[in-house]
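Novice: So you can see what is in the structure, the chains are spelled out below.
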Amino acid sequence: MREKFFKVAVFLAIISILPFIVLIMRKETPPEKLNVETHKKQVIKDFVLKSEGVKKWILRAPKALFEGEEIHLKKPQLVIYDKDKFFLIADEAVYYQNKKLVHLKQVTLIGKNLRGKAPYGTYYTDKEIFTTKTTCEFTFDNDKRVTGKGCQLELKDKKVIIQSNVKSKFGEAIK
Amino acid sequence: ETKEKTSTPIVIESQKLIYIQKKHMATYIGNVIAQREKTIMKGDKLIVYFDPTDRYIEKIEVIGHVYIKDPRGEGWCNKLYYYPVQEKAVLIGNAKLKQKENLVVGDEIIAYKDGRVTVEGIKQRVKTVIFPEEKNKNLIKGGKESEKSR
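Protein chains in written order, with the working numbering: chain A, 1 to 175; chain B, 1 to 150.
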């Protein structure tokens with residue numbers, strides 16, 4: 001009798017475990033590892049970026065492509081709020097958030113009675129300095145024109161430094 | 001004629017330039033050559049001082065191995081102040097001014113637009129070398145020939 005009772009108990013134990021085993025068996029097997037590049041690049045239209053704190057600059061572009069720390073911009077415009085407004089316009093630019101600088105290509109600088117041009121250049125947003133190793137051209141009050149190579153413009157002091165090949169022409173500068 | 005004169009540009013070339021709009025000053029450094037019409041200035045360093053409106057040149061200072069040449073003559077000195085409106089040049093330090101054959105040497109020479117020249121000798125004595133004018137030479141030559149023909 002005891003033996004019979006023992007067999008029934010074992011049988012019941014097995015039956016109670018079965019659903020649990022079935023449940024485990026039915027668990028979805030993890031999806032096959034697909035080699036899909038995780039989506040790093042993000043494109044934003046009508047991109048606007050404002051400086052933190054005291055309003056110093058706004059960076060705009062019709063199109064911006066985020067690549068890690070870099071923001072690649074098409075036809076960007078950087079507006080700098082100094083005593084007078086100052087504009088940097090370029091064909092292309094790359095903004096490095098952590099380094100606080102913008103590399104610009106075919107850049108034009110426009111300020112109050114000052115205008116500049118350079119094939120390439122870098123603007124440091126915190127120091128408010130534009131530098132280029134290439135050639136550059138600056139015009140002051142429409143008739144003072146300066147060209148050279150290796151140029152730096154310090155917005156705060158409206159100071160222009162040109163390292164070499166300086167040639168300047170002052171038009172109506174003599175009364 | 002003055003209107004035309006003021007519109008002629010001044011061209012300055014050098015190795016380096018520092019222009020500070022706030023200070024109304026442009027400093028040219030290294031093999032500086034400045035030219036306006038027939039006036040040429042050369043030196044190691046040249047500073048242009050603009051007026052407060054930043055539009056007009058008030059004064060030009062040239063420092064180091066200074067050379068200036070214009071229709072009135074040519075000059076050498078350590079330091080030069082040039083006033084473009086008055087077309088006045090002040091040569092300071094080992095100043096020499098050569099007009100045709102005549103030579104003037106002193107510590108400070110001021111050359112005015114109308115050709116007047118004042119010379120000052122502070123450390124060194126003023127020295128002037130004046131050659132008789134061309135006319136006088138012809139007279140002398142003429143005089144000799146007339147003696148021969150007699």
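Hints in this document: simulated from the structure, not taken from any laboratory. Quick caveat: nothing in here was measured; it's all calculated off a predicted structure. One thing to keep in mind: the hints can contain errors.
List of simulated lysine to any residue pairs, SDA-like, C-alpha gap at most 25 Å [what the hints assert, rightly or not]: (1) Lys16(B) / Glu128(A); (2) Lys159(A) / Lys45(B); (3) Lys167(A) / Gly64(B); (4) Lys169(A) / Thr39(B); (5) Lys112(A) / Thr39(B).
Short, incomplete list of chain A residues facing chain B, as computed with Cβ under 10 Å [what the hints assert, rightly or not]: (6) Arg2; (7) Ser16; (8) Pro19; (9) Asn98; (10) Asp141.
Virtual Cβ for every residue (Gly too), placed ideally from N, Cα, C.
Novice: Run every hint past the structure and note whether it holds.
Specialist: Going through the hints against the structure:
1. With a C-alpha separation of about 22 Å, the suggested pairing of lysine 16(B) with glutamate 128(A) holds against the 25 Å cut-off.
2. Of the pairs offered as hints, the one joining lysine 159(A) and lysine 45(B) holds, with about 18 Å between alpha carbons and a cut-off of 25 Å not exceeded.
3. At most 25 Å may separate the alpha-carbon atoms for a hinted pair to count; lysine 167(A) and glycine 64(B) meet this at roughly 20 Å.
4. Restraint check for lysine 169(A) and threonine 39(B): the C-alpha separation of about 15 Å stays at or below 25 Å, so the hint holds.
5. Of the pairs offered as hints, the one joining lysine 112(A) and threonine 39(B) is violated, with about 32 Å between alpha carbons and a cut-off of 25 Å exceeded.
6. A cut of 10 Å between beta carbons decides the hint on arginine 2(A): the least distance to chain B is about 109 Å, and the hint is violated.
7. At its closest, the beta carbon of serine 16(A) sits 91 Å from a beta carbon of chain B; the interface hint therefore is violated under the 10 Å criterion.
8. For proline 19(A), the interface hint is violated, since its Cβ never comes within 10 Å of a Cβ in chain B; the closest pair sits about 86 Å apart.
9. Hint status for asparagine 98(A): violated, given a least beta-carbon distance of 31 Å to chain B, over 10 Å.
10. A least Cβ separation of about 6 Å between aspartate 141(A) and chain B falls short of the 10 Å threshold, and the interface hint therefore holds.
Hint compliance for this structure: hints 5, 6, 7, 8 and 9 are not met, and every other hint is.
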